[in-house]
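Undergrad: Sequence:
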Amino acid sequence: MTGHRVSILALDGVLSFELGMPLTVLQSLGDLYSVSVVTPTEAGVTTDNGLRLSSAGSLTELATADTVIVPAYAFERGIPEDVAETLRTCHERSTRVVSLCVGAFALAQSGLLAGRRATTHWSRTERLAREHPDITVDRDVLYVDEGTVLTSAGTSAGIDLCLHLVCKDFGAATANQAARNAVAAPHRDGGQAQFIEQHLPTAAGTSLADTRTWALKHLADPLLLRDLAAHAHLSPRTFIRRFITETGLPPMKWLQLARIDHAKQLLERSDATIDTIARLSGLGTAANFRTHFTQHCGLPPSAYRGMYTRGSDRPTVPKQPTSHGR
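The numbering used here puts the first residue of the sequence shown at 1, with every later residue one more than the last.
Because the hints were derived from the structure by calculation, they are not lab data.
Even glycine gets a Cβ: it sits at the ideal position worked out from N, Cα and C.
It is possible that part of the hints are untrue.
[What the hints assert, rightly or not] Cross-link-like lysine-lysine pairs, in silico, DSBU-like; alpha carbons within 30 Å at most:
1. Lys-217 to Lys-168
2. Lys-253 to Lys-217
3. Lys-253 to Lys-168
[To be verified] Quick list of the computed label-pair ranges, beta carbon to beta carbon:
4. Ser-123 to Ala-43: 27 to 33 Å
5. Asp-134 to Pro-250: 31 to 37 Å
6. Gly-298 to Arg-237: 14 to 20 Å
Required output: the full structure, derived from the provided sequences and hints.
TA: And the structure:
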């Protein structure tokens, strides 16, 4: 099995860190993805730190890709017309085209973002909007998914977008596995603000990480804001302020997304009923679960489960009582 074919287009001045993101995330999943790096010419390109990247493939290789990813590069130089034409051709044949950080400028120059929502690094959003007024530039998100065209904000948001791609292709459980493989936090929802004063801490015992870990173990419980604040030994007002600073989300919004994510994994990997999944994920009644899940995912739980049915390898979830270990 060749897997989902991904071509990473390394343009001149490509940022080594951003080039490594999709390689690290996608290749960690074995044969689910077939990943290659392409440069515009046989001469290769020079990375941002002066390393010479030899060509591992030509532009013609993009024609056979299922997904093309354009990492950040020296966007001030623009891109050659043959590169722009190749990206347009890929888009016309319904290839998924993705940019990381200022890679959005390559998609913009190729015309792929015209009439669409898009984002880029927060320090370059004004320039993108000024140079391409036909793009609706969203300055306050981690990434934007427009179907076959996706764009991310800067640096770590590129990891979130890569994990989002995995989630779309193979489900939330596989995306979380990719996050663990890359020693990254589980992927964040694209609607989060991209400017966060502190990076999300992942180590137990630091800041509010212990409280988030505790909440994830008690999703089935009717957790309230006061419960989370009490666990952190903070007043609700202080807790909210610190939580938003660390994660970019209000606590109860974060909790809702965590419950949806848990429900996705149960739908993908178990034969549990909708009522059971609603209870185990803390989303209330089956009707309430269906409403929230459909609003967030764009399709009902039954349709989502149908996308990721794996047949006999799905374990049965035991009917266990709701935990109240607060």
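Undergrad: Identify every previously stated hint that the structure contradicts and give their numbers, smallest first.
TA: 6
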